[in-house]
Amino acid sequence: MTLFSLTLVLFLIMDPMGKLKSFLSLIQGYTPARKRKIVLRELGFALIAMLFFNFVGDYLLTLLDIDDPAVYLASGVILFLIAIQILFPKPENGEAKKKNSEPYLVPIAIPMMAGPALLATIMLYAITTSHVLMVSSIFIAWIIVGIIFLLSDKIFNLIGTSGLLACEKLMGMVLVLMAIQRMLQGVLLFYTNASA
Amino acid sequence: MNLWQLALTFFLIANPIGNVPVMIALVKDFSFHDQRRILFREAIFSFLIAVVFLFIGTPFLEALHIENYSLRICGGTILFLISLTMIFPPTESSTGSQMTKEPFIVPIATPIITGGGLLSTIMVYAKQEQNNLKLLAACTLAWIAVTIVMVSSAYLQKILGKRGLIAMEQLMGMMLALLSMEIFVKGATEFMHVLQNIGAR
Chain A
188 MTLFSLTLVL FLIMDPMGKL KSFLSLIQGY TPARKRKIVL RELGFALIAM
238 LFFNFVGDYL LTLLDIDDPA VYLASGVILF LIAIQILFPK PENGEAKKKN
288 SEPYLVPIAI PMMAGPALLA TIMLYAITTS HVLMVSSIFI AWIIVGIIFL
338 LSDKIFNLIG TSGLLACEKL MGMVLVLMAI QRMLQGVLLF YTNASA
Chain B
133 MNLWQLALTF FLIANPIGNV PVMIALVKDF SFHDQRRILF REAIFSFLIA
183 VVFLFIGTPF LEALHIENYS LRICGGTILF LISLTMIFPP TESSTGSQMT
233 KEPFIVPIAT PIITGGGLLS TIMVYAKQEQ NNLKLLAACT LAWIAVTIVM
283 VSSAYLQKIL GKRGLIAMEQ LMGMMLALLS MEIFVKGATE FMHVLQNIGA
333 R
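First to last, the sequence lines map onto chains A and B. Quick note, the first sequence lines up with residues 188 to 383 if you use the numbering used here. Quick note, the second sequence lines up with residues 133 to 333 if you use the numbering used here.
No wet-lab data here; the hints were simulated from the structure. Computed from a prediction, not measured in an experiment: that's the story for all the values here. Heads up, the beta-carbon is just placed ideally off N, CA and C, and yes, glycines get one too. Hints may contain errors.
Pairs of lysine-lysine residues, derived as DSSO-like cross-links and limited to a Cα-Cα distance of at most 30 Å, are as follows [what the hints assert, rightly or not]:
| # | chain 1 | residue 1 | chain 2 | residue 2 |
| --- | --- | --- | --- | --- |
| 1 | A | K208 | A | K277 |
| 2 | B | K160 | A | K208 |
| 3 | B | K259 | A | K277 |
Among chain A residues calculated to face chain B with C-beta under 10 Å, some are [as the list claims (entries may be wrong)]:
| # | residue |
| --- | --- |
| 4 | T189 |
| 5 | F191 |
| 6 | V196 |
| 7 | F198 |
| 8 | T249 |
| 9 | L251 |
| 10 | I271 |
| 11 | F275 |
| 12 | V322 |
| 13 | F343 |
| 14 | L345 |
| 15 | G359 |
| 16 | V363 |
| 17 | A366 |
| 18 | Q368 |
| 19 | L371 |
Put together the whole structure using the sequences plus the hints.
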């Protein structure tokens, strides 16, 4: 995996464009300075969670002694299902409930920025890639997502709901492609191992 | 290849005429005016996707290590999922207000019109021809025809009527399932060749 493709995968799974709308409804009503503070804090939490699962994943999967083909197939299937959810979203029953208290850790940092799908994918990718590559791509993807969330209201005003939807669909398509490529790579690895 | 041949090739691979029934079945719940609007928009989107792939398709897919067979298999899988929802429509909940979502980019613009087959064809020609402006002109010509076919396909509803369309949806779902499997099998065949090459080594 190159740095570019790894960063792109992480960015696509975080799906900032798809989450922008519910994010905006969660932080509306606060002053701009307060908003920025909330976003930065939640971004920090998300980064900690991502790095934690990166190291845990490597350790855990080494401990369990799982072969590469299995990791590739599992992460491919998971990625595929995530992408399908992005492409064909389930009709939401009611927007995220707005609580009176300020969002803290839940629901913005987890699961909006770093959801279970992202953390699982990070764990599965961590074992097949070097630490340096993994950590740097996590950082780059995180910075890009952070910028998008910080400029969320400007982006929303600029491209509107249908623009967001278009971005989301195109990203979903790319993610499906990458998921299938990864699954097929798993099959290839399995075949090479089995025939060797 | 001259300009017209290229344009004709793109038009045939995009296959708007063959896809008319499927597209109509997908937008059947909207008013006539909305249908034309949706189909026109999807035509524009499919054109944009094709043009983007014409210029940066090869480097993009290479950077992500995505092979041509993945492109095909991906298109086949998504179309198959869509055909399933056409054959087995999701059971409507008892609430009367039917919230139908407009098809937006997926599935009409891509992968129905601009699918994996078209994208790989475009990339192959982009490598062969070296003259991107000619290809761009060919794309534009092809898409003028595609757009005309797509927008005028909305008139088909007037002939078939609402009942005819509902009856057609499941039939078209079956057709789409077959077509998508055909695309999938093509991709899988390419993949099998790769596997065999590994085995032979």
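Status of the hints after comparison with the structure:
1. A/K208 x A/K277: Since the Cα atoms of A/K208 and A/K277 sit roughly 15 Å apart, the hinted pair holds (cutoff 30 Å).
2. B/K160 x A/K208: holds (28 Å)
3. B/K259 x A/K277: violated (40 Å)
4. T189: holds (7 Å)
5. F191: Cβ of A/F191 sits 5 Å from chain B, so the hint holds.
6. V196: holds (9 Å)
7. F198: violated (12 Å)
8. T249: Violated, about 24 Å.
9. L251: violated (26 Å)
10. I271: Holds, about 7 Å.
11. F275: holds (8 Å)
12. V322: violated (20 Å)
13. F343: With a minimum Cβ separation of about 17 Å from chain B (threshold 10 Å), the hint on A/F343 is violated.
14. L345: violated (18 Å)
15. G359: holds (7 Å)
16. V363: With a closest approach of 5 Å, the A/V363 hint holds.
17. A366: holds (8 Å)
18. Q368: This interface hint holds because 4 Å falls under the 10 Å limit.
19. L371: This hint holds: A/L371 lies near chain B, its Cβ roughly 6 Å from the closest one there, short of 10 Å.
When held up to the earlier numbered hints, the structure conflicts with 3, 7, 8, 9, 12, 13 and 14 and fits the remainder.
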